[in-house]
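Number of protein chains: 2
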Amino acid sequence: MVKAKIAVNGYGTIGKRVADAVQAQDDMEIIGVSKTKPNYEAAVAHQKGYDLFAPASNSGAFEKAGIPLAGTIEEMVEKADLVVDCTPGGIGEANKPMYEKAGVKAIWQGGEDHELAGFSFNAASNYEGALGRDLVRVVSCNTTGLCRVIYPIDRELGVKKVRVTLARRATDPNDIKKGPINAIVPDPIKLPSHHGPDIKSVLPHINITTAALKIPTTLMHLHTVNMEVNTDCTAEDINRIFSSQSRIRFMSQGINSTAEIIELARDMGRPRNDMWENCIWPESITVHEREFYFFQAIHQESIVVPETVDAIRAMMELESDGAKSIQKTNKAIGL
Amino acid sequence: MVKAKIAVNGYGTIGKRVADAVQAQDDMEIIGVSKTKPNYEAAVAHQKGYDLFAPASNSGAFEKAGIPLAGTIEEMVEKADLVVDCTPGGIGEANKPMYEKAGVKAIWQGGEDHELAGFSFNAASNYEGALGRDLVRVVSCNTTGLCRVIYPIDRELGVKKVRVTLARRATDPNDIKKGPINAIVPDPIKLPSHHGPDIKSVLPHINITTAALKIPTTLMHLHTVNMEVNTDCTAEDINRIFSSQSRIRFMSQGINSTAEIIELARDMGRPRNDMWENCIWPESITVHEREFYFFQAIHQESIVVPETVDAIRAMMELESDGAKSIQKTNKAIGL
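From first to last, the protein sequence lines are chains Y and S.
Everything in the first sequence is counted per the UniProt record's numbering, starting at 1 for the first residue and increasing by one.
Everything in the second sequence is counted per the UniProt record's numbering, starting at 1 for the first residue and increasing by one.
Incorrect hints may have been included.
Sample of chain S residues lacking proximity to chain Y, with all beta carbon distances greater than 10 Å (derived) [claimed, not checked]: (1) Asp20; (2) His46; (3) Gly103; (4) His194; (5) Ser246; (6) Ile248; (7) Arg249; (8) Ala323.
Chain S stretches covered by chain Y per the calculated footprint, using a threshold of three residues with CB under 8 Å from any CB of chain Y [as the list claims (entries may be wrong)]: (9) 154-168; (10) 180-186; (11) 205-214; (12) 255-268; (13) 274-284; (14) 290-300.
No farther apart than 30 Å at their CA atoms in a straight line, the calculated lysine-lysine pairs in the DSBU-like style are these [to be verified]: (15) Lys96/Y to Lys200/Y; (16) Lys324/Y to Lys3/Y; (17) Lys200/Y to Lys161/S; (18) Lys200/S to Lys160/Y; (19) Lys160/S to Lys161/Y; (20) Lys177/S to Lys178/Y; (21) Lys177/S to Lys177/Y; (22) Lys79/Y to Lys64/Y; (23) Lys190/S to Lys161/Y; (24) Lys177/Y to Lys161/Y; (25) Lys161/S to Lys161/Y.
Hints are computed from structural coordinates only; laboratory data are not their basis.
Glycine included, every Cβ here is placed at the ideal spot set by N, Cα and C.
Given these sequences and hints, build the entire structure.
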């Protein structure tokens with residue numbers, strides 16, 4: 001079988017994880033990754049055997065740093081069937097003409113607007129809608145984490161209303177510039193946060209309100225989720241529905257915080273201590289009549305990675321069944 | 001007028017603030033404060049002119065440290081009309097026999113159970129119920145902050161349901177032992193947190209569910225509050241109701257986090273940068289039909305201080321009208 005040729009434009013927090021996850025599949029391969037500067041991430045990409053591409057204007061800096069380049073970003077794009085754009089939020093939009101000119105398919109991350117791609121993706125919620133598409137946006141970590149729980153509950157019980165408070169990690173572990181380091185920041189102060197509307201880009205009929213806080217931690221986000229449903233249910237019903245989802249993982253055995261979740265991922269030998277699943281505490285599932293609550297933690301660096309692999313598979317029509325793609329992706333990365 | 005004689009048993013985070021706030025009133029005075037160890041707080045209490053009392057068994061340590069004592073804790077209690085017990089949560093209960101033996105009135109903090117005093121106090125919600133009582137519990141910072149907003153909304157619009165997510169500061173600024181320093185801790189994992197039931201100790205008929213997270217910050221708690229009410233209303237209505245409360249302060253003018261609230265308190269010359277008021281962002285007040293949301297920040301070290309002064313005034317029957325006591329307390333401390 002000829003593998004689908006995938007390029008990753010922007011080998012940063014998400015891009016490097018997407019590259020490794022794609023490379024682990026048997027129906028797609030990485031033909032190149034791009035980096036603007038010859039930093040430690042570029043050096044490791046080269047050591048791992050990825051062909052490295054950079055803007056033509058920066059080739060001198062790579063040469064000086066002793067990191068060999070395989071060509072320019074335009075040349076990388078020309079070689080690919082599909083480009084996963086993992087450049088910082090807002091930058092990806094400017095790359096659209098380049099992808100169109102080269103006639104390649106493109107995936108953007110949740111930092112870009114829905115309108116740029118015209119289709120926002122979550123594997124469990126709308127895989128089939130992405131089949132054969134040229135342009136897809138994989139929604140952000142928090143939106144992915146919420147779609148993964150809202151979709152199966154809506155299918156089985158009918159969702160009347162969702163209310164979420166998101167405690168967001170201030171920044172990623174490798175960032176030494178952003179804060180806060182000792183404050184709570186309602187972000188935004190004016191409700192709702194963008195997450196509620198963003199869920200609607202995948203699940204348009206869901207009535208949802210979200211409020212977000214930025215807090216001094218780097219490891220994971222944490223959601224307090226409240227859902228009203230249209231059907232009588234028990235905590236056991238919710239538990240059963242979540243248990244049926246391969247990308248939901250229950251937390252117990254002394255895991256009482258995001259710190260212990262990450263320690264679990266480290267102990268499991270997960271690459272970069274990634275936790276691709278929603279981490280839900282089953283003990284927190286509490287039902288009052290047709291309304292329930294629970295806590296879930298979301299690993300911002302990695303949760304969209306398996307979704308991106310599934311998006312590639314749908315767009316390249318390598319698999320028409322979403323459930324089969326999810327299973328295949330999971331197995332290949334060790335989820 | 002003879003001033004009511006008040007002792008503070010436990011001159012720590014809350015106790016030292018209560019002592020200063022009582023001393024600022026014209027109808028009550030501090031006749032002594034107690035400390036178990038001769039640390040820097042004891043030294044400052046002495047420098048400020050408070051008579052200092054300690055357990056008889058620790059008098060040698062105070063002598064050695066050069067901090068003069070006025071007597072034992074039992075002797076302090078004997079001199080008082082009313083003791084404010086600010087010992088750590090759970091310790092206060094053991095002091096009840098001592099207060100009963102001395103025939104003094106007693107106030108406990110929210111760390112003790114409701115049953116210990118049989119009456120849980122919030123000035124705006126139930127001042128009159130404390131008139132002449134011998135034993136009162138002033139509810140905790142988070143419960144106080146919630147009573148202050150729930151009571152006036154319930155009176156004007158009727159509260160159908162309250163849902164709160166509390167992002168709790170991990171510990172106070174002077175604590176060097178507790179964490180987390182980089183994690184989010186659902187605390188407790190099993191819902192509801194104790195805050196919901198605790199609100200009912202003041203406002204028994206309120207339907208409320210609370211979920212709490214412990215996060216790496218020391219400055220303030222932050223609540224995401226959702227309320228369903230029985231009456232049609234607008235954001236302006238909510239704004240007007242909150243504006244009528246002297247212990248609610250609106251945040252604007254570039255105050256976007258708890259860090260900036262504390263900076264405001266420092267700039268205002270507040271003692272120990274205390275922010276006695278609920279800090280609400282009016283921009284966050286969002287109404288959907290008969291349901292609204294808002295953010296409020298709560299200064300855990302100081303919010304119960306004016307409430308404690310009002311509780312004293314009610315129990316000593318120095319003022320029969322709660323609104324007048326609140327006004328008098330506020331004016332004396334500069335709120």
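Here is what the structure says about each hint:
Distance check on Asp20/S: its Cβ is at least 25 Å (rounded) from any Cβ of chain Y, clearing the 10 Å threshold; non-interface status holds. Against chain Y, the non-interface label of His46/S holds: every CB pair exceeds 10 Å, the least being about 31 Å. The beta carbon of Gly103/S is kept farther than 10 Å from every beta carbon of chain Y, the shortest such distance being approximately 45 Å. A cut-off of 10 Å between C-beta atoms confirms that His194/S is not in contact with chain Y; the least separation is 14 Å.
Separation of Ser246/S from chain Y is adequate, the least Cβ-Cβ distance of about 23 Å exceeding the 10 Å criterion. Listed as a non-interface residue, Ile248/S keeps its Cβ farther than 10 Å from every Cβ of chain Y; the least gap is roughly 16 Å. The claim that Arg249/S is not at the interface with chain Y holds, since no C-beta of that chain comes within 10 Å of its own (minimum 15 Å). The Cβ of Ala323/S sits about 31 Å from the closest Cβ of chain Y, beyond the 10 Å cut-off, so the non-interface label holds.
Proximity of the stretch 154-168 of chain S to chain Y, defined as three or more residues with a beta carbon under 8 Å from a beta carbon of that chain, is established by the 3 residues found. Restraint check on the stretch 180-186 of chain S versus chain Y: 6 residues with Cβ-Cβ distances below 8 Å, three needed, restraint holds. With 3 residues carrying a beta carbon less than 8 Å from a beta carbon of chain Y, the stretch 205-214 of chain S meets the three-residue requirement, and the given coverage holds. A count of 5 residues in the stretch 255-268 of chain S with a Cβ less than 8 Å from any Cβ of chain Y is obtained; the coverage claim is therefore met, three being the minimum.
Taking a C-beta to C-beta cut-off of 8 Å, the stretch 274-284 of chain S contributes 3 residues in contact with chain Y, enough for the three needed, and the coverage statement holds. Taking a C-beta to C-beta cut-off of 8 Å, the stretch 290-300 of chain S contributes 3 residues in contact with chain Y, enough for the three needed, and the coverage statement holds. About 24 Å separates the Cα atoms of Lys96/Y and Lys200/Y, which keeps this hinted pair within 30 Å; it holds. Using a Cα cut-off of 30 Å, the hinted pair Lys324/Y and Lys3/Y holds, with the two alpha carbons roughly 18 Å apart.
Taken as a hint, the Lys200/Y and Lys161/S pair is honoured in the structure, with Cα atoms around 26 Å apart against an allowance of 30 Å. With a C-alpha separation of about 28 Å, the suggested pairing of Lys200/S with Lys160/Y holds against the 30 Å cut-off. Restraint check: the Cα-Cα separation between Lys160/S and Lys161/Y comes to about 16 Å, which is no more than 30 Å; the hinted pair holds. About 25 Å separates the Cα atoms of Lys177/S and Lys178/Y, which keeps this hinted pair within 30 Å; it holds.
For a cut-off of 30 Å, the pair hint linking Lys177/S to Lys177/Y stands: about 26 Å separates their Cα positions. Straight-line distance between C-alpha atoms of Lys79/Y and Lys64/Y comes to about 26 Å, which keeps the hinted pair within the 30 Å bound. Pair hint Lys190/S plus Lys161/Y holds up; C-alpha atoms about 22 Å apart against a cutoff of 30 Å. Restraint check for Lys177/Y and Lys161/Y: the C-alpha separation of about 37 Å exceeds 30 Å, so the hint is violated.
Of the supplied pair hints, the one linking Lys161/S and Lys161/Y holds, its CA atoms being roughly 15 Å apart against a limit of 30 Å.
Violated hint for the displayed structure: number 24, the only one.
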